[in-house]
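Novice: Those protein sequence lines, which keep their order, are chains A and B.
Numbered per the numbering used here, the first sequence spans residues -15 to 398.
Numbered per the numbering used here, the second sequence spans residues -15 to 398.
Where hints are given, some of them may not hold.
Repeated chains share a single entry, so a pair holds when one copy, or any two copies, can fit it.
[Stated by the list, open to error] List of simulated lysine-lysine pairs, DSS-like, C-alpha gap at most 30 Å:
hint, residue 1, residue 2
1, 249, 377
2, 308, 362
3, 240, 377
4, 373, 89
5, 349, 114
6, 179, 114
7, 89, 199
8, 349, 249
Because the hints were derived from the structure by calculation, they are not lab data.
In this text the structure is predicted, and so the values were computed from the model without any measurement.
There are 2 protein chains.
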Amino acid sequence: MKVSIVTIGDEILIGQIIDTNSAWMAQQLNMAGAKVVKIITASDGHDDIIDSIRQAREVADVVLITGGLGPTKDDITKIALADYMNVEMVFSQSTYEHITGLVKKYGINPTEGHRMQSMLPANTVLLENKMGTAPGMWFDLEDTVLISMPGVPYEMQYLMENEVIPRLVKRFDVYPIIHRTIRTAGIGESVLADKISHIEDDLPDFIKLAFLPSKATVRIRLSARAENGEDVQKAVDEGVEKIVEEISDFVFGYEKQTLAEVVLKRCQERKVTLSTAESCTGGFVSHLLTTIPGSSVVFQGGIVSYSNDLKMNLLGVKSQTLEKHGAVSEATVIEMAKGAIKATNTDIAVSISGIAGPGGGTPGKPVGTVWVCVCNEKDIFTRKLQLSKDRLKNIEYSANIALTAVWRFIMKHY
Amino acid sequence: MKVSIVTIGDEILIGQIIDTNSAWMAQQLNMAGAKVVKIITASDGHDDIIDSIRQAREVADVVLITGGLGPTKDDITKIALADYMNVEMVFSQSTYEHITGLVKKYGINPTEGHRMQSMLPANTVLLENKMGTAPGMWFDLEDTVLISMPGVPYEMQYLMENEVIPRLVKRFDVYPIIHRTIRTAGIGESVLADKISHIEDDLPDFIKLAFLPSKATVRIRLSARAENGEDVQKAVDEGVEKIVEEISDFVFGYEKQTLAEVVLKRCQERKVTLSTAESCTGGFVSHLLTTIPGSSVVFQGGIVSYSNDLKMNLLGVKSQTLEKHGAVSEATVIEMAKGAIKATNTDIAVSISGIAGPGGGTPGKPVGTVWVCVCNEKDIFTRKLQLSKDRLKNIEYSANIALTAVWRFIMKHY
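So here's chain A without its partners, still in its complex pose (with noise of 0.2 Å):
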């Protein structure tokens, strides 16, 4: 079965907004066997979805497309089906039903636009949409599944994995692909490839390779189509295990974990509690931590020490220190990580304090200068960055990197 998307919205096109949909949907399609062939981000012009719906079809068995279902008067994607498809544009009652039942939950009173939007093409089948007004809508042409939704991200989401993946696999003979990620943290692409580019000359032909680097980690990703069964399933774990073999000191995981998820499954294995001490990274740490569901086993929580104050008033920062060293430097960092242990009572911490930029630089430290300890009763860690000019960079690679520290850490000492 090959899938094309089609994603409308002006505000894609003129980079308004991130169509973070397609890369969702292209996941889940994958997972169950679907090849994607084309992604396609069309206008909300009506000629231009017309096109844009013609081009995807001619690759594709399944034309998916999202955006342009809501209440509001830029939304045509509907009319242009309509149009596209030729057939009328008819009032569906039972939608109108549904979407007036769900805005009165919250005490909204239905407008002219919730009955626009009960205006269906003639020959839509109606795929219920739970989570809000806007319907899902499959189409059933010669040759082609025509399915439309609405680009409201969770209300996509619902309708995928509910209504129309169940009915695509059951409509076509799908063979899975295969994929298999390892993830490294410390080590850089280049060098990472030239380190296995041995095994990789080696790998049957019908395994594919990728290097994908990402905020100071890589992920290797093999995938295959399954065709042949079994035989490349053991094709591609094999390749992995000569790979892991290689690298073992960089791999932290597998397949879609995070170094937040590894180091709070460690921890919570060994019973280790963890908390932060940031400044530089701003709760960002903390943050990529607390979005794991359970982490409040482990993580009991941080200080954001933004302001020299706060490093000394709540973390125990000497003013000595700070003025000998300064706020970026490893003595910092130290008594940094050392204050939070005793504030939060936690096994270990973790402490991070540089310069984001894209101001505050000087000759000696300049901008992206950052300092991380990791640091227990028994043992510190500490190590020393030299990142980009820009900020927001800076803050991902920083917290990365800590995470990397932290789980050596972990993994030297429980």
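Mind docking chain B on chain A? Use the hints.
Specialist: Okay, now just chain B, sitting in the frame of chain A:
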């Protein structure tokens, strides 16, 4: 000037990464007066790359291609480009010297991969990439300009800003597009649309209006092509003015301003300092504030009190309060905010406590129950939210609603 963007990478088609490059490029191109007409994502396959370039070229004067230029073996954009244009690959000595100079600076020895990176199509006009090893390439075809850039965001951004856009502006006659964006918080898309429906109906036909909801905020975007010169700008500005007059209570900013920016700016002007006490948002409010350059003038820091112990020990929340009302309650968020003011010595503090999910809900306090408090020495504001079952969404919504509360509080009191 019509532009198509082709993004190359299997990792996007299988949903492993999100294509943020296209959004950034589209934004820059729009501001320069270009019109992005299509974004296509293609696989790493040789023929798919060629097909997508051909499709993209059909509707555009310029095709911008990103991705597939790294030192690893899965990167074949260059070869596909050479085959598509029917030219040879040649070794570029200057590219090789640039690459070896760059990697030696990081203490890395040049690899065979770096030598392969220096092979370029014979008709390449080189665009110097000061941020990395992969070169930018410009190709002048009869009726189209093809441009190939690396997929690493900051390398692509450097090339766009310093090489690509300046050259394109020189080469093509471009009419700027005028965009104005009104940013609102505390009101939903449908109600907003209804409130300004009469203004929308009166707008000139050449102005397009769009509603863009995102995480408890809604942007209203007006856009028009500037072929008619100043009248278009004036008409758009007048439209903005009329809309803002109607919904002024909900307008926190314009264009790219974020809630965090607006809050920090107002606080800085009024010399107000700010701190946070976060439970379920786990440092995300603090992160949103600290991504803004210069935030340290206003934001002193915060406490992520994930455990009840930290709520008591660092923020002074009373054990009786936690026992009687629970950690997710009005009484607790008030004590958290009061405690943050005391611990950090700031003028105002914002606190958040809730059940982010997916676990931890009870019949009385289901997942998605969140309490927010903003206070200073004299006044206290609290609000209860009932959000979704999605952990990350709950964190992001809570954070934005907390910042909305801070914004209203400082507009009222300072």
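Novice: Please go over all the hints and tell whether each is borne out by the structure.
Specialist: Here is how each hint holds up against the structure:
no.: 1; hint: 249 with 377; result: both (26 Å within a copy, 23 Å between copies)
no.: 2; hint: 308 with 362; result: within (25 Å within a copy, 39 Å between copies)
no.: 3; hint: 240 with 377; result: both (21 Å within a copy, 19 Å between copies)
no.: 4; hint: 373 with 89; result: between (49 Å within a copy, 17 Å between copies)
no.: 5; hint: 349 with 114; result: between (54 Å within a copy, 22 Å between copies)
no.: 6; hint: 179 with 114; result: between (50 Å within a copy, 26 Å between copies)
no.: 7; hint: 89 with 199; result: between (43 Å within a copy, 20 Å between copies)
no.: 8; hint: 349 with 249; result: between (36 Å within a copy, 27 Å between copies)
The earlier numbered hints are all upheld by this structure, with none contradicted.
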